[in-house]
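Residues in the sequence shown are numbered from 33 upward in steps of one, following our numbering.
I should point out that these hints are in silico values taken from the structure, not numbers from a laboratory.
Just so you know, not all the hints are guaranteed correct.
Unchecked claim - In silico SDA-like pairs for lysine to any residue, Cα to Cα no more than 20 Å straight-line:
hint	residue 1	residue 2
1	Lys372	Ala350
2	Lys648	Pro376
3	Lys246	Gly106
4	Lys134	Gly106
5	Lys305	Ala82
6	Lys278	Pro268
7	Lys107	Lys246
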Amino acid sequence: MKKTTMLHLTAALLLAPLLSAQAPMVPAAMLGSPGGAAAAPAATAATLAAGAVAPDFETLDINGQTVRVSDYKGKILILDFWATWCGPCIASFPHTDEVAAKYKDQGVVVLAAGTSDTIEKFKEWIPKNQPKYPNLRFTFDTKERGSPDFENRASAKLYRVKGIPTQFIIGRDGVISAVVVGNSPGDARAEAALAKLGVKVDAATVAKGEAQLKESAEAEKQRAAELARLAANPPPPFMTDLGRLKGAAALPDFLLATADGKPAKLSDFRRGKPMIIGLWSAGNGPGDAFLARWNGLAKAYADQVDFLGIGGYDSLEALQGWMAKNKELSFRVAHDGLGKLTPPAKSREQMSPEELKAETARSRAFYDRTISMQIGGVLTPVPTTIAMAADGTLIGWSAGFGPNYGETIGNLLLRAGVKLAAADMPKKVTTDAELKAFNDERAARSSAPRVKMLEPGAVAPDFTTTDLSGKPVKLSDYRGKVVVLDFWATWCGPCIASMPHSQEVAAKYKDQGVVILASCTSDTRDKFESWVKANQAKYPDFVFSHDPAERGADRASAKLYGVGGIPQQFIIGRDGKIAATVTGYLAGEVLLDAALAKAGIKVAPEILAKAEIDQKKRDAMR
C-alpha cells in the first residue's frame, strides 16, 4: 500500500504510550499543534491531583451558552478534556457515554470540555457527533489553538494537563476525587473513583478499577522518572536538519510578500546579519509569551541579528489586522503570500471519489507552496523558529513554544554568533559533541533495517501466541480456513473502533470457513487479559490471542509481517498464502468484505461495488 496521509488509518503506531498502555493519550507536547514536534522536557507544575479544589472556568456549548464547572455544584462531575484531532479522545467517547448513562440517575454528569483546538473545528465536529453520545455535554474553550491567549486555556493553566484525554472526577463539594489519564473500553478507573464518592458501583467493577488506578499510578511514577532522566540529560532543544534541507546548507531564496502585499524574496530582507525566522498563523500571530520574548530579543540584539516574522495559512488582511493590534513590534513582518485555503463546498464524507481526488490535489498543491515546504519540503507546525547564519545557511530550527523555548532560542542565537547577556543565556549550552551524538543516534534509528510488510502472494509465516487461558494459538491451527489475521492492541483506538465491523463480517461469512485471529501486539499480557475479559462477549466470532514478545523486536507483527502501524489485517487463504491486506479502518467501509472475496469467499455484488467506491476514496486521499 502506498504511503497515506490519513493519520487515522494507521494512527496507532506500535509504540505504547509512555504513561500507560491501559490509557492511550496524546502527550502535552502535541497539544499546541497536532503533529507537532515535541520539545525537550522542562520542569513544569504537576497536574492537579486528588484533594485539590477544581478551578472554575467558562466554556461555550454549540449554542453559544456559557457553561461553567460551578454549574454542576452538587453533582458528581466527570470533567473530560479532549480535542477533535485527538484519536484516543474520540475512541474513548463510547465508553464514557456508557458510564454517564449508567450512573446519571445517581447525579453523575460528564462535561466534555474541548481544548487545544480551533473553535471552527469544534463547531464542525460537535453537531455532527453529539447524537452518538447523548449523555455527554460537549463544550469548548474559547482560548483556541493559535490565539494570543492560547497558553491561558483552562486545561493547561488551571488544571495543568499533560496529555489528553484526561478526566477529573469532581465530587459534589467541588473537590477533585481522582484523575484518570487516558481512557479505553474496559477501563474501570472512573467508576472506581465514583464509588469513593458514594455512587453505587458493582463490587467487581470497583475491584477492577482500583487495580487499574494502582497500575496507572505506578506508570505515572515511571513516567516521572523518565522525564527526570531526560531533564538531567536533555536532548538538544533544536534540530539541525529541516526535512531535506541539511544543516549548514543554504536556505532557498523563497518567495513571500511584504506586509503591504508587495512580492518579495527572502533575500530582500537580509542585511548581512544572522536571521531568526518565525513562522506562524497570519491571523492569530504567536502567543503573547512568544511575542514578548521576540520583541525583547529583537530589540536587545538588533545590532547582531535580525528577526523576521512570517504569517501564513491566512489572508494578508488577517495579518494586517493582527499587526494593527500589535503596533509595538521590534522586528519586521512578512506574509506567506498564498493566503488562505478556501474550504470546499462539501465535506469529504459527502464527496465522490473523483471530487475527493480533486480536493486532495487542490489542498496538496496549496500546502506544497507554503514557506516551510519551500524550505525543507516538510509542512512544519506553527509556530516554528528557524535560525539562519549571516551567509544564508541553516543553523537549526525548532517547532512550538513552551517553557523550554528559552533554551531553544538561546542556543540558536549562540550558534548564530550572538553575544548574549547573562539573563538570556540558556541554562545548558548544547556542545558540538552532544549534537553529533544525538544526530548519530537519530540517524542510526532511522537507517535501521526494517522488515518490509508482506504483500499478497507471500506465504504467511507461522507463529505462536497464547489465548486468554494461556493455551498456545498458532496461525497454522487454522490451515484450510480463510483467516483474517488482525494485529491490534488495547491502547489502539482505531483498532477497537474497527472491531464491530469485523465481527459483522466474521458472522456473515463464518459458514464459508472465515475465522478472525485477533493477535494482540505491542501490548502487555495483563492489559490483554483485562480487555478481553471485559469485551469478549461483544465479539463471539473472534479468536483473541496475545504475542508473548509484547513490545519487543521479536513480536510477529514487526519481525515476520513487517507491520508499521495498526490496525493491520492480512487475509490468508486456505493455502496459507496472503490473499489481500487491509490497513486501518474508516467507518462505513466494506474493504474487508472485498478482501475476503480475493480469498474465494462469496460476497454480494452490491458490497463489492461499494468496496470499489471506498477504495477509490482512499486512493484519492493518498
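### Query
Of the hints given before, which are not true for this structure?
Per hint list: 3, 5 and 7 violated.
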